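So the chains spell out like this:
There are 2 protein chains.
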Amino acid sequence: MARTLEFYFDYGSPYSYLADTQVEAIAKRTGATLARKPMLLGGVFKSTGNHSPAELPQKSKWSGFDMPLWARHYGVPFQRNPFFPVNTLALMRGAAAAQLDGVFDRYHPAVFRAMWVEGRNLNDIKEVAAVLTAAGLDAQRFGNRIQEQDVKDRLKATTDEAVARGVFGAPTSFVDGQMFFGNDRLPFVELALKGALP
Amino acid sequence: MARTLEFYFDYGSPYSYLADTQVEAIAKRTGATLARKPMLLGGVFKSTGNHSPAELPQKSKWSGFDMPLWARHYGVPFQRNPFFPVNTLALMRGAAAAQLDGVFDRYHPAVFRAMWVEGRNLNDIKEVAAVLTAAGLDAQRFGNRIQEQDVKDRLKATTDEAVARGVFGAPTSFVDGQMFFGNDRLPFVELALKGALP
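Which chain is which? The protein sequence lines are A and B, in order.
Positions 1 to 198 (my numbering) are the ones given, in order, by the first sequence.
Positions 1001 to 1198 (my numbering) are the ones given, in order, by the second sequence.
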């Protein structure tokens, strides 16, 4: 039976972006089904008592070297977002709405790209609207949808589910119920999908 | 000119142990000189405001899966130390003494092995003495040396040097002045030693 790669992420997490550039290829190479699961990382931090690694100045400084190194390793574009940290509640609710409404395939790459390739200010609702419009989406409709209860409930449910499964940061992958934390564990994720973990 | 792999570690850090099992082979493959630098991780945490990842229960639980996975990946023995966390001040001073006194090659593998393979209680000075004696070292002499100023100064100097260079956790490697944090960055360390970073 084909395995599923469950991928929990938040658009505000640069390592989520980096990993996200790889997960489709990993799923393809292993014959797995990819299930992207938008969660609110701030909610995960609050529930677990964890903090953003960016809060430690020394770690943040090192990440300024490490993140572009991964981007070059993967051969993908990347820049740190100058407006970081971004409150991603609206963006993550938008991802939940996009999944509910069947437009996630357009929404998802547009938001990650705007955040970590184009470095746009996604704290600004007008910028978000411009990004969605450019992706062929109805920005006004998204503005309404993210205030509706089914959308709020879906994001909260996925975030609670993540915490209940032991998630404490992003990105986090699951294969056969086994958790893998971080972009840097994707090689193990791929082995797990092949049933070839050491 | 041959490069140097500078490797900052603490015996209380399981990922330091895992990385330590690899650094000699990496140096050999790349023709690099290996410089192991014992530092006091507790001192690094205090200076930087960082905390042990083991303090977050969810992360600690996940590490219980991740650490043995790395050990199997590397093909090295490993078990979590049941007496963790261990106050490593005496052990790290011992490493400084061993380097000053020319017996580090015997001291270093014996302590890492006792901690992360044999799971011994290295908070107990008698256990430490037994480990050193079994390694052919003079335990009594070590007990005296770690109270001497040159040894204390050396550990403090290396720890301060690490913090000044941006170290915030263990293990941390440097190649040509560039920092790489974590056991999981060793593939990048090896590329850097080859002059082949992307």
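Treat the hints with care, since some could be wrong.
[To be verified] As a list, the in silico DSS-like pairs of lysine-lysine whose alpha-carbon atoms are at most 25 Å apart: (1) A:Lys-194 / A:Lys-46; (2) B:Lys-1061 / A:Lys-37; (3) B:Lys-1059 / A:Lys-59; (4) A:Lys-37 / B:Lys-1059; (5) A:Lys-28 / A:Lys-194; (6) A:Lys-46 / B:Lys-1152; (7) A:Lys-59 / A:Lys-46; (8) B:Lys-1152 / A:Lys-61; (9) B:Lys-1126 / A:Lys-59; (10) B:Lys-1126 / B:Lys-1152; (11) A:Lys-61 / B:Lys-1046; (12) B:Lys-1126 / A:Lys-156; (13) A:Lys-37 / A:Lys-156; (14) A:Lys-46 / B:Lys-1059; (15) A:Lys-61 / B:Lys-1126; (16) A:Lys-156 / B:Lys-1061.
[Unchecked claim] To give an idea of the chain A side of the interface with chain B (calculated C-beta under 7 Å), a few residues: (17) Asn-50; (18) Leu-56; (19) His-73; (20) Phe-112; (21) Arg-113; (22) Arg-120; (23) Phe-181; (24) Pro-198.
Simulated from the structure, these hints should not be mistaken for laboratory data.
Please read all numbers here as calculations on a predicted model, not as lab measurements.
Ideal Cβ positions, reconstructed from N, Cα and C, are used throughout, including at glycine.
*Starting from A:Lys-194, check that the Cα of A:Lys-46 is at most 25 Å away, please.*
At roughly 34 Å apart (the allowed maximum being 25 Å), A:Lys-46 and A:Lys-194 break the hint.
*Holds or violated: A:Lys-46 with B:Lys-1152, Cα cutoff 25 Å?*
Judged against 25 Å, a Cα distance of about 40 Å means the pair is violated.
_A:Phe-181 was flagged as interface toward chain B. Is the shortest Cβ-Cβ separation under 7 Å?_
A:Phe-181 check passes; min Cβ-Cβ to chain B is 6 Å, inside 7 Å.
*Taking 25 Å as the top limit, are the C-alpha atoms of A:Lys-46 and B:Lys-1059 close enough?*
Distance of about 14 Å is within 25 Å: holds.
*With chain B as the partner, please determine if A:Arg-113 meets the hint condition of a C-beta pair closer than 7 Å.*
Check failed: Cβ of A:Arg-113 comes no nearer than 21 Å to chain B, outside 7 Å.
*asked:* Against the 25 Å threshold, does the CA-CA distance of A:Lys-37 and A:Lys-156 hold or violate the hint?
replied: holds (11 Å)
*asked:* Quick check on A:Asn-50 please, does its C-beta sit within 7 Å of some C-beta on chain B?
replied: At about 6 Å, which falls below the 7 Å cut-off, the nearest Cβ of chain B leaves the hint on A:Asn-50 intact, so it holds.
_Would the hint on A:Arg-120 be counted as holding, given a Cβ-Cβ threshold of 7 Å to chain B?_
violated (26 Å)
*Please work out if A:Lys-37 and B:Lys-1059 have their alpha carbons no farther apart than 25 Å.*
holds (20 Å)
_Closest C-beta approach of A:Leu-56 to chain B relative to 7 Å, hint status_ = holds (6 Å)
*Does the structure keep A:Lys-61 and B:Lys-1126 at a Cα separation of 25 Å or less?*
violated (42 Å)
_Closest C-beta approach of A:Phe-112 to chain B relative to 7 Å, hint status_ = Violated - the Cβ of A:Phe-112 stays beyond 7 Å from chain B, reaching only about 21 Å at its closest.
Consistency with the previously given hints fails for numbers 1, 6, 8, 9, 12, 15, 20, 21, 22, ordered from lowest to highest.
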